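Colleague: Here is how the chains run, residue by residue.
Number of protein chains: 2
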Amino acid sequence: MSEIQAQRGSKRKTQRQGPGRPEGVSNSHERILKAAEDLFSKKGYSGTSLREIGEKCRVTTALITYYFKSKESLLETIVLRIGEKLEQQRLKHLADLKEQNGPVSVRNIVRALILPLMGMPDTPATRRFMRIQSWLHSEPEPFAFQLRAKLYEKTNEKYIQALSEALPHLSKKTIYWRFMLTVGCYLYASSDTHRLSQMSNKLCNPDDLEELLDELTDFICGGLAAESTARSQ
Amino acid sequence: MSEIQAQRGSKRKTQRQGPGRPEGVSNSHERILKAAEDLFSKKGYSGTSLREIGEKCRVTTALITYYFKSKESLLETIVLRIGEKLEQQRLKHLADLKEQNGPVSVRNIVRALILPLMGMPDTPATRRFMRIQSWLHSEPEPFAFQLRAKLYEKTNEKYIQALSEALPHLSKKTIYWRFMLTVGCYLYASSDTHRLSQMSNKLCNPDDLEELLDELTDFICGGLAAESTARSQ
Numbered sequence: 001m002s003e004i005q006a007q008r009g010s011k012r013k014t015q016r017q018g019p020g021r022p023e024g025v026s027n028s029h030e031r032i033l034k035a036a037e038d039l040f041s042k043k044g045y046s047g048t049s050l051r052e053i054g055e056k057c058r059v060t061t062a063l064i065t066y067y068f069k070s071k072e073s074l075l076e077t078i079v080l081r082i083g084e085k086l087e088q089q090r091l092k093h094l095a096d097l098k099e100q101n102g103p104v105s106v107r108n109i110v111r112a113l114i115l116p117l118m119g120m121p122d123t124p125a126t127r128r129f130m131r132i133q134s135w136l137h138s139e140p141e142p143f144a145f146q147l148r149a150k151l152y153e154k155t156n157e158k159y160i161q162a163l164s165e166a167l168p169h170l171s172k173k174t175i176y177w178r179f180m181l182t183v184g185c186y187l188y189a190s191s192d193t194h195r196l197s198q199m200s201n202k203l204c205n206p207d208d209l210e211e212l213l214d215e216l217t218d219f220i221c222g223g224l225a226a227e228s229t230a231r232s233q
Numbered sequence: 001m002s003e004i005q006a007q008r009g010s011k012r013k014t015q016r017q018g019p020g021r022p023e024g025v026s027n028s029h030e031r032i033l034k035a036a037e038d039l040f041s042k043k044g045y046s047g048t049s050l051r052e053i054g055e056k057c058r059v060t061t062a063l064i065t066y067y068f069k070s071k072e073s074l075l076e077t078i079v080l081r082i083g084e085k086l087e088q089q090r091l092k093h094l095a096d097l098k099e100q101n102g103p104v105s106v107r108n109i110v111r112a113l114i115l116p117l118m119g120m121p122d123t124p125a126t127r128r129f130m131r132i133q134s135w136l137h138s139e140p141e142p143f144a145f146q147l148r149a150k151l152y153e154k155t156n157e158k159y160i161q162a163l164s165e166a167l168p169h170l171s172k173k174t175i176y177w178r179f180m181l182t183v184g185c186y187l188y189a190s191s192d193t194h195r196l197s198q199m200s201n202k203l204c205n206p207d208d209l210e211e212l213l214d215e216l217t218d219f220i221c222g223g224l225a226a227e228s229t230a231r232s233q
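Chains U and V, in that order, give the protein sequences. Under our numbering, the first residue of the first sequence carries the number 1, and numbering increases by one thereafter. Under our numbering, the first residue of the second sequence carries the number 1, and numbering increases by one thereafter.
You can trust all of the hints, since none of them are fake.
One copy or two, either will do: identical chains are not told apart, so a pair holds if it fits within one copy or between any two.
Think about it this way: if two alpha-carbon atoms lie no more than 25 Å apart in a straight line, the pair counts; the simulated SDA-like pairs of lysine to any residue are:
| id | residue 1 | residue 2 |
| --- | --- | --- |
| 1 | K202 | P142 |
| 2 | K71 | L50 |
| 3 | K154 | S197 |
| 4 | K42 | S70 |
| 5 | K172 | N156 |
| 6 | K34 | G47 |
| 7 | K42 | E52 |
These aren't lab readings, by the way, just hints derived from the structure by calculation. Note that the structure is a prediction, hence the values are computed from the model and not measured.
Using the sequences provided together with the hints, build the complete structure.
Modeller: Written out as structure tokens, the structure reads:
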């Protein structure tokens, strides 16, 4: 199929940007990404079809698959463009800690992990990313696991190593468990579905990032450093 | 619309069970519930349409709305029929603890909260319920919050009260935060999307309920009892 055929559904027109480049293509790429990001954040991956994405940004399904091949790789593009920056920051923070003299504390490891997410500007785009990240973690499809592995594998490995060194009395097995529970904690805390504000009659304010960071860090550090009573090691 | 018109799409036939009762109605009610449970567990609430549910169990959308009014109340029926039993067990376990002499420990409170979920038989139906519960907690729709409030409000209140008594040095605000993080932890641990087994090269086995319960309890107890460094109280 030619690009022209593929983008026939697109109604907006922009300047021709290169030889053979059909009208409307340059910005329809970005419009598809925006529409997909919006729908994935609201309805999850399984709940969103390419047809709906196309309807939302007024392009044909064929144009979407022309650019992105499949719904899977469309989600991957969206997740990686913010996610990779976050992971780089997490790795950098951890490397910075290791360069300092003396042992690295659990608290500093936790802050290195959490701060990049909490430090994102509080914009609708950030909220959409957090929501997509949260969906991605409750998505049972194998490709969702592959995408998470691709994005987080290196970071996970480095953080698990750092935690093992900071908590030498714990088995590797317990470290893995606690790292996974840490992720569950901050995913849930950074989503906006727990409604903590209403639950607590406004005693708690999860929109206050300092409050969120303090409470989350205390809880996670307590959990990570807890005495282990596990029967099987 | 008459019942007969509403169930015209139903192909299975069963015995007429009462005056005026159309054929097929008695078991289509249960078939709708099963189909909806299956689809909600796989695709989430937003990702599932009444049309798909109808196609799956071969009834018309009209028959679904005849029985359940709306997609919302269909989900509510499904969530409440398992969820209410769980909440009753949680309340009973807590009441039992309070009847014993002496102060109630954080560890016992946590086990009272978690055991009913972990103690469910490991069947496909349990896994579907856990998955629906996990979706329900990442669902931004206001009705999802209302449903959770309806199901969990009383339990939450009692547990927060018990935790406040067991941890008198913590502010009520911090107790609310930590209770919410506890929920985030066990939701994530009891979902099957974290792939801890693969992540850890099979060191960890989340299918071993004893292992899961031990690791989860240690982490949560550590988190709940952690020293508070929160700047705003």
